[in-house]
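Engineer: Chain by chain, the residues:
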Amino acid sequence: MNNARRNFVIAVGAGVAVLGGAFAMLRSPAAEAAVQNGAAAPGFSVVDSAGRTRTLDEFNGKTVVLEWTNHDCPYVKKHYATGNMQALQREATAAGVTWLTVISSAPGKQGHVSGAAADQLTTSRSAAPSAVLLDESGAVGRLYAARTTPHMYVIGPDRKLVYQGGIDDRNSSDHATVQGARNYVREALAAVRAGRAPETASAPPYGCSIKYAG
Amino acid sequence: MALRAFLFLLLAAFASFGAAPAHAQIVRTQNAETELLSARAAAAPGETVTLVLRQKKREGWHTYWINPGDSGEPPRLTWTLPAGYEAGALLYPAPRIERLGPITTYVHDDETLYPIALKIPEDARAGADAAISLKATWLICAEICVPEEGAFRLSLPIRAEGRDDARGARLADEAIAALPQSVTTLGFDFKAGDRISIGFPRADAPPNPLSEAITGVNLRNPQYFPYSQALIDHAGEQTVTRRDGQILIDMPLSLSFIKNEAKGEGLLVAEINEGGRWTKRAFMFGNPPDTTLLPTAVARAWAGEAPLASAPRDVQRSAGFVDFLGYILAAFVGGLILNIMPCVFPVLSIKALSLAGGAHAGTARRHGLLFLAGVMATFMALAAVLLALRAAGSAAGWGFQLQEPALIGALALLFFAIGLNLIGAFDIGGSLQNVGGGLAEKGGDVGAFATGALAVVAATPCTAPFMAGALGWAATAPPVASLAVFAGLGLGFAAPFTLLAFAPGLQKLLPKPGAWMDKAKQFLAFPMFAAAVWLVWVLSVQTGAMGTLALLAVFVAFAFAVWAWRLGFVWRVIAGLVLIGVLAGAWTPMTTVVSAADAGAPTKSASLDGEVWSPERVAELRAAGAPVFVNFTAAWCVSCKFNEGAALSRPGLRKFFAERGVIYLKGDWTARDDVIARELAAHGRSGVPLYLYYAPGAAEPVILPQILTEDIVRNAITAAGTPPQGESL
Chain A
1 MNNARRNFVI AVGAGVAVLG GAFAMLRSPA AEAAVQNGAA APGFSVVDSA
51 GRTRTLDEFN GKTVVLEWTN HDCPYVKKHY ATGNMQALQR EATAAGVTWL
101 TVISSAPGKQ GHVSGAAADQ LTTSRSAAPS AVLLDESGAV GRLYAARTTP
151 HMYVIGPDRK LVYQGGIDDR NSSDHATVQG ARNYVREALA AVRAGRAPET
201 ASAPPYGCSI KYAG
Chain B
1 MALRAFLFLL LAAFASFGAA PAHAQIVRTQ NAETELLSAR AAAAPGETVT
51 LVLRQKKREG WHTYWINPGD SGEPPRLTWT LPAGYEAGAL LYPAPRIERL
101 GPITTYVHDD ETLYPIALKI PEDARAGADA AISLKATWLI CAEICVPEEG
151 AFRLSLPIRA EGRDDARGAR LADEAIAALP QSVTTLGFDF KAGDRISIGF
201 PRADAPPNPL SEAITGVNLR NPQYFPYSQA LIDHAGEQTV TRRDGQILID
251 MPLSLSFIKN EAKGEGLLVA EINEGGRWTK RAFMFGNPPD TTLLPTAVAR
301 AWAGEAPLAS APRDVQRSAG FVDFLGYILA AFVGGLILNI MPCVFPVLSI
351 KALSLAGGAH AGTARRHGLL FLAGVMATFM ALAAVLLALR AAGSAAGWGF
401 QLQEPALIGA LALLFFAIGL NLIGAFDIGG SLQNVGGGLA EKGGDVGAFA
451 TGALAVVAAT PCTAPFMAGA LGWAATAPPV ASLAVFAGLG LGFAAPFTLL
501 AFAPGLQKLL PKPGAWMDKA KQFLAFPMFA AAVWLVWVLS VQTGAMGTLA
551 LLAVFVAFAF AVWAWRLGFV WRVIAGLVLI GVLAGAWTPM TTVVSAADAG
601 APTKSASLDG EVWSPERVAE LRAAGAPVFV NFTAAWCVSC KFNEGAALSR
651 PGLRKFFAER GVIYLKGDWT ARDDVIAREL AAHGRSGVPL YLYYAPGAAE
701 PVILPQILTE DIVRNAITAA GTPPQGESL
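Chains as they are written, first to last, in our numbering: chain A, 1 to 214; chain B, 1 to 729.
Incorrect hints may appear among the rest.
Derived lysine to aspartate or glutamate pairs resembling EDC-like cross-links, with alpha carbons at most 16 Å apart [said to hold, decoys possible]:
#1 A/K77 / B/E616
#2 B/K666 / B/E616
#3 B/K259 / A/D174
#4 B/K135 / A/D174
#5 A/K109 / B/E148
#6 B/K135 / B/E122
Here are some chain A residues pointing at chain B (derived, C-beta under 8 Å) [claimed, not checked]:
#7 G38
#8 A40
#9 R54
#10 E58
#11 D72
#12 P107
#13 A139
#14 R170
#15 S173
#16 H175
#17 T177
#18 S209
Beyond 12 Å from chain A on every Cβ pair, some chain B residues (computed) [stated by the list, open to error]:
#19 E148
#20 A235
#21 S254
#22 W563
#23 F642
Keep in mind the hints are simulated off the structure, nothing from the lab.
All residues carry an ideal CB built from backbone N, CA and C; glycine is no exception.
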């Protein structure tokens with residue numbers, strides 16, 4: 001192949017690639033774009049385990065923790081079997097924080113539970129959330145781009161997103177790793193109380209993937 | 001009774017089939033089967049051994065790459081090693097992207113081979129066994145996730161001289177070949193602002209063929225995989241553009257991105273157009289974290305000193321019991337067919353003639369069984385030697401004994417002697433019963449056994465259909481299974497004559513004995529002489545003109561001794577001395593393998609008769625998009641020579657090759673060659689012939705049958721594809 005022909009082929013190839021890229025960006029789904037730290041936490045409306053409709057607006061002026069969960073996920077089990085999650089829930093709610101546990105598992109998938117079963121889990125595990133939200137459609141999870149169980153979010157009294165990511169820095173399902181872990185949620189809550197930004201506003205979430213519908 | 005003993009052996013083989021070798025300890029968990037292997041059966045102090053963690057996952061289940069992506073966790077290892085020993089990191093092949101709703105993860109499916117380096121300290125004590133202990137944990141997910149774990153123990157003998165473990169070494173090679181190809185030396189550009197941008201290769205990298213192949217129009221669907229979990233938004237779109245010989249990939253940031261810690265090292269996985277076919281390839285820029293201790297081959301490749309081996313081929317893995325029975329059956333049929341192969345037929349015809357004499361039924365039966373015993377004993381001995389060589393890490397295969405010039409010489413002499421005997425030059429024992437073999441003079445019973453042994457030895461240059469696959473499988477199977485396959489081959493080989501000995505009805509079909517038998521016997525001397533001449537030629541390829549001269553001198557001395565034997569004691573002593581003297585003089589030239597160039601052997605010449613095969617040459621030609629035909633052959637391989645005469649050397653086929661630009665490569669296995677032996681093994685064979693055709697761009701070669709005609713070759717090449725004619729790209 002001569003040079004001119006070759007250059008032509010390259011030029012055409014590059015043109016196709018650029019067009020393709022532009023097209024891809026246009027149709028990139030905005031609904032699943034993550035919420036940036038410091039941006040306003042998006043509002044939602046979803047039923048809780050008692051069947052009542054709950055919205056984020058109810059908790060205006062309060063610090064809110066969102067905890068995505070799936071009671072059969074080994075990573076969630078690590079935090080509940082060791083009492084780590086419950087301790088953090090009690091510590092937070094005692095300080096006036098609202099703790100919302102969210103289940104985004106679709107019906108028929110792992111972690112999906114009825115309201116009664118969710119309450120039963122709260123009792124049997126001595127958990128202390130302010131409410132358990134049943135997000136079967138996955139709308140709330142997708143709104144926050146929640147990916148794993150557990151995946152944690154801290155929202156400040158001003159509705160701004162303060163922290164999102166893993167509960168701590170130990171990506172493991174080994175129960176022994178809870179000991180000595182750096183708990184980013186506890187740090188973020190302390191920062192909110194002190195009126196400053198947390199040192200780590202985002203860390204990779206870890207755990208099982210959320211069993212979304214579709 | 002030989003038959004009963006054999007049946008017992010076969011039963012024992014069945015009973016213990018499945019007993020794994022001591023080192024291969026498989027941990028079976030709910031969703032995976034995992035084992036830790038060593039490439040070395042014994043390691044020397046100071047060496048770096050490659051260990052392999054092999055994990056076969058349940059269908060639909062996956063484990064995670066070093067960067068798992070949005071969820072998941074890579075496997076984790078905890079070693080317990082003797083003091084001074086050090087284990088390197090788990091090395092990963094390139095992952096696949098798994099998308100589940102908004103979640104993107106990087107996973108491995110099916111079977112994954114992870115190489116791991118193990119450094120033996122210089123002061124390790126030779127003679128002791130090192131206790132290597134590993135606890136591995138891994139998260140395995142389908143839609144749901146299960147953490148699993150396994151404890152593995154290896155007892156690695158430390159010896160002054162290390163040696164390979166056949167299966168471990170094969171899997172280690174395969175594991176290393178599956179690693180991404182390092183292109184670290186080409187560098188890359190990395191920008192982290194509101195988005196991440198990777199430019200490959202580095203903008204100021206000097207031009208080179210590799211980066212051209214990667215960045216040219218010959219690449220599609222590139223995908224970037226960072227080692228760091230906190231760099232890009234895994235689910236985000238990767239926008240690819242090309243500019244000034246660079247591929248630019250632009251991606252949204254990870255929410256967990258921390259600017260000052262960001263590094264762009266990772267993999268570029270893309271489909272590359274290699275001569276018309278798109279093949280998925282993985283390139284690595286920057287070594288993965290914590291990889292200071294690497295298997296030697298990997299360290300060299302990553303330092304830019306050598307390319308990694310070409311991608312692994314589809315070799316046989318664990319086979320089920322049904323496969324095992326299938327291979328035994330194939331071996332049996334192959335053994336039956338061996339009877340009519342040109343190497344064996346004359347020997348057996350002579351033996352069959354002995355029955356035509358209307359031998360006493362009891363004697364015939366006894367001889368039939370003794371023949372069977374001789375065949376089985378020889379096959380078992382061959383199998384045992386093969387297994388021993390294999391255990392010692394040597395890549396030996398079917399026909400390996402013919403790679404020893406001394407054995408070729410001895411066989412040639414034996415055939416010559418049988419020929420002389422048949423034609424009546426000398427007569428020991430006198431009866432037709434005993435002409436089966438040179439050792440037969442001790443009488444009928446020994447003769448029957450010796451004929452069996454001789455027939456097997458004579459059969460080794462021939463490969464019958466069905467045999468190749470079975471023996472190839474046996475070469476990598478557990479020892480007991482290997483023995484069983486060889487037993488199947490022996491049983492098939494011995495069956496016709498043994499049955500004849502047991503069936504007086506069949507014996508009646510043989511012509512009535514008479515004067516013709518003497519003529520027939522003398523006639524059969526000529527195939528024997530022909531076999532001897534052919535073996536002399538084989539030796540000439542191995543040892544050159546001097547070796548041939550030496551062997552022919554031994555022939556003369558032997559003939560002289562045969563003649564002198566009748567003349568009384570003094571002549572016998574003289575002849576004995578002459579024979580000993582000539583043998584002593586002939587030994588060195590007869591057993592010294594000379595290089596191809598010195599020998600001027602026709603099979604090794606690179607001119608008209610095809611180029612010399614090497615893995616590098618194949619890789620080079622394939623990279624250039626050329627179709628390649630490979631012929632693995634040996635001077636002692638009768639089937640190979642037959643195929644060359646009937647097909648490969650024919651002008652018509654040569655013209656066909658030339659028209660289509662097919663490059664003809666020849667790998668000569670006449671003398672021992674471990675590189676060729678390994679290549680044969682990679683295609684599931686343990687011996688020659690093996691014919692491969694690499695169509696341009698095809699990931700795998702086509703394997704042609706054992707018996708070739710011009711049409712078979714033409715059709716195979718046409719079916720697999722050749723480059724379009726009349727156009728040069």
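Engineer: List in ascending order the numbers of the hints, as given earlier, that are violated by the structure.
Structural biologist: Hints 1, 3, 5, 6, 7, 8, 9, 10, 12, 13, 14, 16, 17, 19, 20 and 21 are the ones this structure does not satisfy, whereas the remaining hints hold.
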